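Trainee: These are the residues of each chain, in order.
Protein chains: 2
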Amino acid sequence: MGATPRVSMTDVARRAGVSQKTVSRVVNGEPHVAEAIRAKVQAAIAEMGFRPNAAARALVTRRNQRIGMVTMGTSLYGPASILEGVDNALRGSGYYLSVARTQGNDVAHLQAAIDELVTQDIAGLVLSEPIDLGHPELRIPSGLPVLSFDSPADGSPTSGSRPDELVMGADERAGALSATEHLLALGHRTVHHIAGTRGWAATARRVAGWQGALQDAGAAEPPVVHGDWSPRSGYEAATELLHQGGVTAIFAANDQMAIGAIRAVERAGLRVPQDVSVVGFDDAPEAEFLSTPLTTVRQDFAEVTRLAVHRLVRTIEGRPPAERHRLIPAQLVIRESAAPPSA
Amino acid sequence: MGATPRVSMTDVARRAGVSQKTVSRVVNGEPHVAEAIRAKVQAAIAEMGFRPNAAARALVTRRNQRIGMVTMGTSLYGPASILEGVDNALRGSGYYLSVARTQGNDVAHLQAAIDELVTQDIAGLVLSEPIDLGHPELRIPSGLPVLSFDSPADGSPTSGSRPDELVMGADERAGALSATEHLLALGHRTVHHIAGTRGWAATARRVAGWQGALQDAGAAEPPVVHGDWSPRSGYEAATELLHQGGVTAIFAANDQMAIGAIRAVERAGLRVPQDVSVVGFDDAPEAEFLSTPLTTVRQDFAEVTRLAVHRLVRTIEGRPPAERHRLIPAQLVIRESAAPPSA
DNA sequence: CTGTTAGCGCTTTCAG
DNA sequence: CTGAAAGCGCTAACAG
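Protein chains in written order, with this note's numbering: chain A, 63 to 405; chain B, 63 to 405.
There may be inaccurate statements among the hints.
Incomplete in silico selection of chain A near chain B, CB under 8 Å [stated by the list, open to error]:
hint, residue
1, Thr310
2, Glu328
3, Leu332
4, Pro347
Covered by chain B, per the in silico footprint, the following chain A stretches (three or more residues, Cβ under 8 Å) [stated by the list, open to error]:
hint, region
5, 156-164
6, 180-189
7, 318-324
Quick list of simulated restraints, FRET-style, between CB atoms [said to hold, decoys possible]:
hint, chain 1, residue 1, chain 2, residue 2, range
8, A, Arg368, B, His305, 34 to 40 Å
9, B, Val286, A, Arg386, 23 to 29 Å
10, B, Arg201, A, Arg386, 51 to 57 Å
11, B, His94, A, His171, 31 to 37 Å
12, A, Arg368, B, Gln336, 42 to 48 Å
Hints in this document: simulated from the structure, not taken from any laboratory.
From a predicted model like this one, the values you see are computed outputs, not experimental measurements.
Beta carbons: idealized from backbone N, C-alpha and C, even for Gly.
Using the sequences and the hints, build the whole thing.
Mentor: Below is the structure:
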């Protein structure tokens with residue numbers, strides 16, 4: 063194939079007429095190198111097409127410039143946005159990103175994903191969908207900086223189970239609360255909830271916000287129906303709800319399920335929002351452009367990931383930030399899919 | 063932090079009372095190890111929690127179990143599906159995945175992403191959105207196996223520019239052609255096209271299919287309007303088209319833009335499909351559940367990525383497949399957003 | 001400011 | 001079937 067034999071620092075050193083260590087200094091931008099020598103070495107590097115060998119460096123420094131991230135379902139808007147945000151935030155930081163997707167969020171799958179990353183000698187671990195780090199069966203090497211996207215104030219199982227853990231996230235609970243309150247304020251007696259996949263922390267946070275608003279208002283709390291974040295599951299859940307009767311307002315845990323719910327309402331011969339109001343969560347790009355523009359809750363993924371990754375990198379580099387938990391506000395975006403109930 | 067000092071093969075060897083080389087044999091499942099010794103070593107490995115050091119191994123073998131992938135916009139349905147498919151296909155293959163996202167698809171951005179990956183000593187490179195490998199300024203180390211998702215038969219600039227390159231993809235051109243033909247068969251005089259981001263190969267393939275169908279039918283070819291794959295851009299493009307007048311059928315290069323286009327038609331006081339037909343591309347999960355279920359073109363991302371990754375791995379391992387190009391059929395999914403033009 | 005020496009943890013090669 | 005020796009390419013620690 064004509065693969066060029068790889069050139070090493072020693073090769074460059076020979077060409078430049080200096081010691082190998084001097085080449086190392088130039089490559090790493092260390093001080094105390096005479097300008098003339100630095101230039102000569104750089105010329106040799108360019109001519110020979112030298113690239114430092116990451117494995118050799120990692121071997122001796124015992125530290126990798128790699129951050130591992132476990133995520134679920136990269137084609138879901140939320141997880142995909144977090145992945146995109148983390149990648150963006152890492153750009154230019156000198157760290158590489160390794161991603162391990164998990165099929166399910168049970169302990170076995172998560173452990174497999176974590177192990178896969180740990181095997182790669184990662185310097186830090188990002189958990190996109192937080193999991194119970196206190197779980198006795200779940201093993202993460204001690205000393206490995208961990209960041210999880212969660213709502214630290216929720217009292218979710220994650221919090222506090224690992225003292226050095228970073229926990230950041232949008233305040234989804236408050237977001238869900240304000241979505242539900244919005245519906246209640248419009249005059250609905252109660253609000254039905256189509257929740258996300260069972261077991262996800264995001265599901266629990268949104269359920270909690272919905273429940274909170276219902277309780278604050280003294281409204282009846284209908285049983286939760288679980289979907290799996292997909293439009294189809296939203297459609298099926300809403301169909302079931304409608305079948306039970308008495309539904310005037312639905313809060314879906316993401317926009318995709320809200321889309322399915324709207325379709326179900328319309329298939330039942332009813333209109334959104336005149337007969338049934340529907341509110342989503344995420345503010346996916348299409349939410350604004352649906353035939354019935356969707357009222358939803360926006361999370362600032364870019365800001366959350368930027369802050370979080372910055373802190374993770376600091377932790378990895380031995381300068382742990384004072385603030386290890388942070389909640390970014392989520393914002394209700396009012397459009398046209400929610401209205402007062404019909405008389 | 064109580065970081066446990068890492069245990070090496072030598073540590074395990076001492077504990078098991080064997081040489082370090084024997085531990086190496088056991089770890090790598092090499093033959094010629096007595097069963098009793100193997101068991102003893104495995105016990106020591108388990109007790110001590112030994113994990114092989116990937117950097118040390120990579121250093122000596124000069125080969126990494128890592129595949130690099132450059133992608134754009136992981137929150138777009140197409141790229142996200144390819145990423146997901148590649149990751150799935152790699153699961154259990156023993157290879158890790160490193161992802162580098164690029165902002166733009168100009169040479170500078172692409173080169174930066176490729177360099178980032180190459181620095182990580184990847185064993186193979188996956189290009190999600192294909193680029194012109196023959197571009198003189200674009201440098202990819204010779205001998206590095208490359209896979210790009212493209213339509214080999216298109217005569218796109220990619221093909222053939224690198225003899226050992228693998229090129230696989232869904233037949234988007236044929237998909238776009240059948241979408242356009244469908245509209246024409248319904249009785250539309252011509253079909254307007256909202257194309258994807260300029261410069262993407264996927265954009266060109268879909269434009270080509272649309273043009274082909276128009277030419278085959280002897281229909282007039284209206285100028286292409288470019289969006290950027292987002293619902294907003296589809297909305298704006300359709301608004302512009304409608305403003306020009308004479309539009310009865312729109313083929314959008316992805317479902318997200320189709321969603322925006324439908325919204326634009328409705329905002330203009332027209333109905334889909336009675337007044338204007340709209341067809342999308344991708345068959346994203348929500349397409350089926352929109353208020354007007356979307357007629358669209360489905361690509362089998364799972365199949366394409368499975369096949370492609372399998373061949374890439376074979377190539378990396380020195381057993382290049384006979385077939386280096388492959389086109390998977392794309393399928394028109396007829397729903398309710400396209401109908402005959404109104405009389 | 002520059003060079004020398006050692007060794008990271010593993011696989012390769014070659015002896016036993 | 002098992003082990004000893006060498007060395008991958010680089011950085012750390014120390015001399016000069």
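Trainee: Can you confirm whether chain B covers the region 180-189 of chain A, using C-beta to C-beta distances below 8 Å and requiring at least three such residues?
Mentor: holds (count 4)
Trainee: Honestly, do B/Val286 and A/Arg386 meet the 23 to 29 Å range at C-beta?
Mentor: Roughly 51 Å apart at Cβ, these two residues miss the hinted range, so it is violated.
Trainee: Does the interface hint hold: is A/Pro347 within less than 8 Å of chain B, judged Cβ to Cβ?
Mentor: Since the shortest Cβ distance to chain B is 5 Å, the answer is holds.
Trainee: Is the gap between the beta carbons of A/Arg368 and B/His305 within 34 to 40 Å?
Mentor: 39 Å, holds
Trainee: Regarding B/His94 and A/His171, is the given constraint of 31 to 37 Å on their beta-carbon distance met?
Mentor: 35 Å, holds
Trainee: Hint A/Thr310 vs chain B: min CB-CB distance below 8 Å?
Mentor: 19 Å, violated
Trainee: Three or more residues of the region 318-324 of chain A near chain B by CB distance under 8 Å?
Mentor: Since 4 is at least three, the answer is holds.
Trainee: Under 8 Å, Cβ to Cβ, is where A/Glu328 needs to be relative to chain B, so tell me if that hint holds or is violated.
Mentor: Holds, because the Cβ-Cβ distance from A/Glu328 to chain B comes to roughly 6 Å (cut-off 8 Å).
Trainee: Take the shortest C-beta to C-beta distance between A/Leu332 and chain B; is it under 8 Å?
Mentor: 12 Å, violated
Trainee: Are 3 or more residues of the region 156-164 of chain A near chain B, judged by a Cβ distance of less than 8 Å?
Mentor: It holds, with 5 qualifying residues against the three required.
Trainee: Is the gap between the beta carbons of A/Arg368 and B/Gln336 within 42 to 48 Å?
Mentor: 46 Å, holds
Trainee: Do B/Arg201 and A/Arg386 keep their Cβ atoms within the hinted range of 51 to 57 Å?
Mentor: 42 Å, violated
Taken one by one, the earlier hints fail for this structure at numbers 1, 3, 9 and 10, listed in ascending order.
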